[in-house]
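Chains as they are written, first to last, in the working numbering: chain A, 1 to 451; chain B, 1 to 183.
Because the hints were derived from the structure by calculation, they are not lab data. Glycine is no exception: its CB is placed at the ideal position from the N, C-alpha and C atoms. Worth double-checking, as some hints may not be accurate.
[Claimed, not checked] Just some of the chain A residues that point at chain B, by a computed CB distance under 7 Å: (1) 15; (2) 16; (3) 20; (4) 25; (5) 26; (6) 27; (7) 28; (8) 106; (9) 109; (10) 110; (11) 111; (12) 114.
In case you want the letters, here they are:
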Amino acid sequence: MKKNWPILVVDDEDVMCESMGAWLREDGYHVDTASNGQKALELAKAMDYAICFVDLKMPGGMDGIETMMEIHRIRPEASIIIITAYATVDTAIQAMKEGAQEYIVKPCNPQEISMLVSRILKLKKLQSENAILRKKLNRQYRHSDVITKNPRMGEILALTQDVASLRSTVLIRGESGTGKELVARAVHFSGNRAEKPFIVVSCAALTETLLESELFGYEKGAFTGANAQVKGKFELANGGTLFLDEIGDISPKLQADLLRVLQERRFYRVGGTQEVEVDVRIIAATNKDLAEEVHDGRFREDLYYRLNVIEIRLPALRERREDIPLLAEHFVQHISSALGRDVSGISAAALKVLIAYDWPGNVRELENVIERAIVTCRNGMLDEPDFSWLQKNAVSSQNWEVPDVPLGELERRAIVAALERKHGNVKEASTALGIDRSTLYDKLKRYEIVH
Amino acid sequence: MNGLCLVAIGSVPANALDWIEDTTAEWFPLPTRRLPPLSIPPSAYDAKRRQYQSVEMMKMLAQQAPRDASRVLGVTDVDLAIPMLSFLFGQAQFDGPIAVVSLCRLHQEFYGLPPQENLLRERTAKEVLHELGHTFGLVHCSDSTCAMSLATHIELVDAKAEQYCARCGTQLVHRFTTREETL
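Start from the sequences and build out the full structure, keeping to the hints where you can.
Structure follows, in structure tokens:
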């Protein structure tokens, strides 16, 4: 393992290079030595050193600080330890300022140097682990992972690529379950903010005051229970992206606050007197028609135009039926391996059923339906009977006699009925209704349904 | 090849070489022979630090050693150091023929305590196994009771056993049974 972390020792004294090299080799490291800065640079070009010990004073040519700076130019990741025989505060400060990780005075205790090396390598291992995990995470949200052969979705993906590295606000519109968050992640992880945080806030799930402190944070003593200063999502997302889901549901006061942040990139924490400046890209999503909300006076027009710089409208699943077989196959593979079930595929007859269905809950509903079918499937292939209940639902909805009541009342009754069927379980009820939980909460609030 | 050569550098405790020979005979299938003692090379002395540079000692061993020697182990009672480190218990050429062990910091007297010959014998054996282990390609071991673990102070030497752990021992046996080492 230690061989993966090569070390370079740069010193004009041969005895120093030899003895230090020998001592580190005994510890299992690959060690190279260089007697001057020039040779060190040649070696650094060929080998990615984890640690470079560089003597501060080398007569003629480059001194230690220059050598360090040049090595850093070639190998920015290398940790440089400056060695000196004379401890002076000035040179130590200069070395650290120029980017040395450590500064040691020779001779030093063997224990000190052994701990120093293992401390640096521990950090490097964590850093490389972190880089690998980040890469894995980024791969999860690549555009190629959005499964589609629908031309409109293709255009949308191309658009997300184009706008990925801009700071412009993106507004994603689409019914529940169409993959608004997935697209938002794709925008974030393909742009130049990919290494920075992607923070999600579901605006419908929180009350106005909670959402305000969630977004902007609060100062100690701002309200009862505010025992310490807490950073809001805007600050946590600094440098990265803030995804505001269900933006159509925020109160007029928060609309005004949000407009100010979008315009000035600054805000006050709740109870705060000092402005906080942030660099955050906003991606907002809604399943509402915001233009209509503006028209009806429920959404600020100025905020709407601020948000709607780049608009992405995601089609419902029924508008891209050609993707249903692809998505179904993908979910079968993914869910069966996650659940440890041996289900290898889905039959053509079953796909026909899925293609014919209207999917009010879109891709999320499809995923749930496949999961249910996998759980109850008795043989290794999903077939038509595994989805018979879906057909029944579809048929019964077609034959359903619609009562003569306002649309809102119809929705209210459907929600009450779903909650009753699911014994008050909001998560299950929202799945059955094909909407997400935050939308259901919002509707419960709107229709004043107590559950 | 002509086995493992033991050589005193300067004066060393009377029976130190006997202890070392007992240890090497137990662990290494090489005949051990003693070379005439060498005097400490003047170039090794660092007057400023009042210590001896181990690199100079090793250079001398390399020059003086018989050409056919498989390994040469120098034993000294003076305090060893290298420019970077304040002291060394010993040093070896990794996977090479030369090693040197200093008994200076293995004496209880160094720490202001009354002499304890048994303890000195144990510590000497551990350090000999450690440095010779390096010459046979063993690196530091994470098992603190193994002779190959890195000891940066005397308490860590005392924490070791007078033996290699199973992993290092196996590696050594493997080396003797499959590689170029001749008996």
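Practice problem: Identify every previously stated hint that the structure contradicts and give their numbers, smallest first. | Solution: none
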